[in-house]
Structures are given as C-alpha cells and as structure tokens.
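Undergrad: Please take these sequences and the hints and turn them into a complete structure.
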Amino acid sequence: MSNVIEELRWRGMLHDLTPGIEDHLTNGPRSAYLGFDPTADSLHIGHLVGVMTLLHFQRSGHKPYALVGGATGMIGDPSFKSTERNLLNKETLQHNVECIKRQLTKFLDFSSDKKNRAELVNNYDWMAGYSFLDFIRDIGKHITVNYMMAKDSVKKRLEDGSGLSFTEFSYQLIQGYDFYYLWKHHQVTIQLGGSDQWGNIVTGTELIRRIEGGNAYALTVPLVTKSDGTKFGKTETGNIWLDAKKTSPYAFYQFWINVSDDDAARYIKIFTTLTKDEIESLIAEHQKAPHHRALQKALGREVTVLVHGLQEYQTALKATEILFGKSSAEELASLDEKTFLQIFEGVPMAEVSKLSLHEPSDPVVFLTDVTGAFPSRGEARRMLQQGAVQINKIRWNEHQPVTKNQILNGRYMLIQKGKKNYFLIKLV
RNA sequence: GGGGAGAUUCCAGAGUGGCCAAAUGGGGCAGACUGUAAAUCUGUUGCGAAAGCUUCGGAGGUUCGAAUCCUCCUCUCCCCA
70 MSNVIEELRW
80 RGMLHDLTPG
90 IEDHLTNGPR
100 SAYLGFDPTA
110 DSLHIGHLVG
120 VMTLLHFQRS
130 GHKPYALVGG
140 ATGMIGDPSF
150 KSTERNLLNK
160 ETLQHNVECI
170 KRQLTKFLDF
180 SSDKKNRAEL
190 VNNYDWMAGY
200 SFLDFIRDIG
210 KHITVNYMMA
220 KDSVKKRLED
230 GSGLSFTEFS
240 YQLIQGYDFY
250 YLWKHHQVTI
260 QLGGSDQWGN
270 IVTGTELIRR
280 IEGGNAYALT
290 VPLVTKSDGT
300 KFGKTETGNI
310 WLDAKKTSPY
320 AFYQFWINVS
330 DDDAARYIKI
340 FTTLTKDEIE
350 SLIAEHQKAP
360 HHRALQKALG
370 REVTVLVHGL
380 QEYQTALKAT
390 EILFGKSSAE
400 ELASLDEKTF
410 LQIFEGVPMA
420 EVSKLSLHEP
430 SDPVVFLTDV
440 TGAFPSRGEA
450 RRMLQQGAVQ
460 INKIRWNEHQ
470 PVTKNQILNG
480 RYMLIQKGKK
490 NYFLIKLV
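Residue numbers (my numbering): 70 to 497.
Derived by calculation from the structure, the hints in this document are not laboratory data.
Take the hints with a grain of salt, since some may be wrong.
Within a straight-line C-alpha distance of at most 20 Å, the following computed PhoX-like cross-link-like pairs (lysine-lysine) qualify [stated by the list, open to error]:
| no. | residue 1 | residue 2 |
| --- | --- | --- |
| 1 | Lys338 | Lys295 |
| 2 | Lys423 | Lys495 |
| 3 | Lys486 | Lys462 |
Simulated restraints on C-beta separations [what the hints assert, rightly or not]:
| no. | residue 1 | residue 2 | range |
| --- | --- | --- | --- |
| 4 | Phe204 | Lys407 | 23 to 29 Å |
| 5 | Lys407 | Gly447 | 25 to 31 Å |
| 6 | Gly115 | Gly447 | 36 to 42 Å |
Quantities reported herein were computed from a predicted structural model and do not represent experimental measurements.
Positions of the beta carbon are idealized from the N, C-alpha and C atoms, including for glycine.
TA: Rendered as structure tokens:
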C-alpha cells in the first residue's frame, strides 16, 4: 500500500485535510467516498478531478466509493452559488444518475474480485424512504442551526441578502447523513471532495462524532484554476463533457492541446497517472523546446485515452495532424471516405444538392445561401476579404468561384473559417 | 405604502429631436507574428452589392423627422416606512 497523501501532495491535489488522516490511511486499507451531483447527463472535465482522486485512492490500495447524488441532486447544493437553483424533475434526475453511473465505471475498477474494488452507491437508496419526521428527529437533533449557519457557504448567502430556502439550507445535513450512513454501513471513514465541499464534509464528520463518537476524516482537493483567471473547463462553446456525444473526442483532445504552458504543467499532474519522473522529464523537455508542446501533447494523449480510449485518441490525433499539419491540402485529398468521415465527426455539416455546382458559384453566395456555412453574406464576404476562409485547406478569396473541382471523395468539401472552425459540405 | 433612479446594439456605458446603425471600453471573430500558446500590432463586429431595410424594455401618440418629446404598460435598482 502506497502513501496516497504523498501522491496527492506532489500532484498539487491537496487543499485541506482533517488532522490524523495520514496516520489513519497508513495504518491499513480504508474506504473513502466522493459524491457526484447529477446535474447533467454527463460528467465534465471538472468532475474528472474527483474521479482521479478516487483513482489514486484505489491505486494506493484503498477502497473507493463513488456516490451519485440521486437524493442530494433533488435539493441542490447552495455552496458558493449565489442564487437558488432550479430543481430538476425526477425523470431527468433518474436519467442523469444512470448516465453518470455508466461513465464512472470506465475510470475505476468496479468489477474485479479485489477487496478494494470500487463501489457505486446512490444516496437516493437510503434517503428516499427516510421520512421527514424521522430524519429531523434522528439526525437534525444532533446539529444546531448555529453550527449550520456558521458555514461559509451559508453565511455568504445570508450576508449578501440573497438568502436561501430551507431546502437548500438542509443540504449539508443530507450530505452529512450520507457520510454517516456510509460510515455506519460500509465502514467509509473518509470523504473526499472539492475545496468547496469542506463545510459539507465536516458536517458529516461532526454527525458521526456526535451520534456515535466515531472518527471520520475529510480531504479536499483544490479547485482547478486557469492561469489567466477564466473558468476552467469551459470554452466559448460551453463545458467540456466526457460524453463523446456532447464533446467529440477531437474537440476534447483539442481542449488539452490548447492549454497554456503554466496550466499544462499543473494539469498533467492532476489529470494523468503519469509518474513523477515521467512528468518531470516532460516538463524539462517542454522547457527546452516549448514550441514542441511536449506537455500539452502528453496531457492530451493521456486524458483522451483515459476518457475515450486509444482508438478515439488516434483518430483525434490524426485529425489534428491533418487540420493543423503542413502538407494538408494533398493529404486531405488523399483520404478515403471512411477516414475522412471519422476525422470530421462532430464537425457541423450541411447537405447540398449537386446541382448547385453545375455552374461555377460565387463563393459568397455559395457559403451563405447555398450551404449555410456563414450566417450572412456580409460576414462571408468580410471573412473572404480578410483571407480567413479556406476551402479544402486552400486559402480562398471572394473572386474565386467554387466549382466541381473542389469536391473531395466525390461528394465532400471542407470549409475552414479561421484556424479552428470547420464546416463540412456533403453533396447529395 | 411613500419617494427617487433607470431599461441603448454580446457586455459595460455615451447619446437627450435631424450630422445615430448609434461614441468609447471590454469581449468576440479574423489577419500578421508565433508554438493551434501568451504578449503585441492591424482589421472587423445588425441585414443588404447598393438603394435601402430592421434595431435603442413593450404598446400607442406628437412631429416633415424620435434612441431622444408625450401617454400607458412591464421589469430592475436605491432610499424612507
């Protein structure tokens, strides 16, 4: 059994710990849990930090519990959110829980017969049948309102005047009870979470102490930040999801490739299981030749393989090479249809009748009216004038008509706006 | 309940009867430079080839002409009770 605390520490994944946890962990295999809120039907890369934390526990010989918040998701965690959340309906929630469960099984070992195989639990299972009256008698009795109000997450809402409903206020008690329940029935002694969860977790350890005089521990992981101060895990287009349907493996890989140098050095420790030596040599390599972006490439490879598998990674890599590589125009033309489609999976596509190309077309009209690649002619013209448009990797201008010669593979055409935006046209 | 301020193009924020598709800043997009980075510089940012058209919380009205004036409505914020 290896020292998981040490592991997390060098990876920059330790924010806060309750005293005694290190001894507790070194004196034998323990069970630790981390909760996921089913707010959407997929996890996003922000959740990956939690997943990795659990993974490190498992690799160190401890038993991880991944909790899906079927019950807590019905309430909404007020922690560090400025306004009351809208409640999701039960069907959505149920659907989300199922989706998240399926995703989690990819990352941790849930199936082996090892003693420390991961377990998946849903707090709905023990909360659903718990009557309100019983709950406030059995559990609520042990925690004072003063204690609950003193939490930063609650205090903030009271101070700034936005307030919070009783529903949200009671969230920490439900989460605290989860911990108690897992402690009591599954010998889970540690709760893991993001740094925003500290207050909620400690309510749990407090409950365990007051009800049973038992010991339980908290460990939190710092919130992942970006060096430029913007929010991690978001792009202009939205969250980076783990579900390939919501964020294509290509887009996913691209996200990591585009991470800044400073961030890459931090992220590679958090999001990959590469060893300390491997990471240090990558960092050294990157410093010697930053333009090769060894860190970003390794990061992209590791995380994409972890989330989507080797094959998807290779396709994403190939797509990247073709879209950003050197001899692209010829390479693009040489692709067979199958590879071509694989590479451009997830790229917006329009189907256009072949008839529209019987005559050479004015590029402005073709790119807007005919294909919808641009929302307005003005924009298409502007882009063409600025030299921002490429057709099949060849820079295009507004006087260059589009003809049949631009058709690839008998029916495709690749429109590129700027460096990173693609649009596919399929002739039918 | 009383009093006051306000709602402008993605955001912030000017404009207070024609010169306003609307200053300026931010953001976005693009180009150059690079490493698909950062920083920087440049261009661009309602639709339309143009004439022109649609836009300044909503609905009406005054006027040759309204983001700007009037009426009503909706919403937001502040102060007092």
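Undergrad: Against the earlier hints, flag every one the structure doesn't satisfy and list their numbers going up.
TA: Hints 4, 5 not satisfied by this model.
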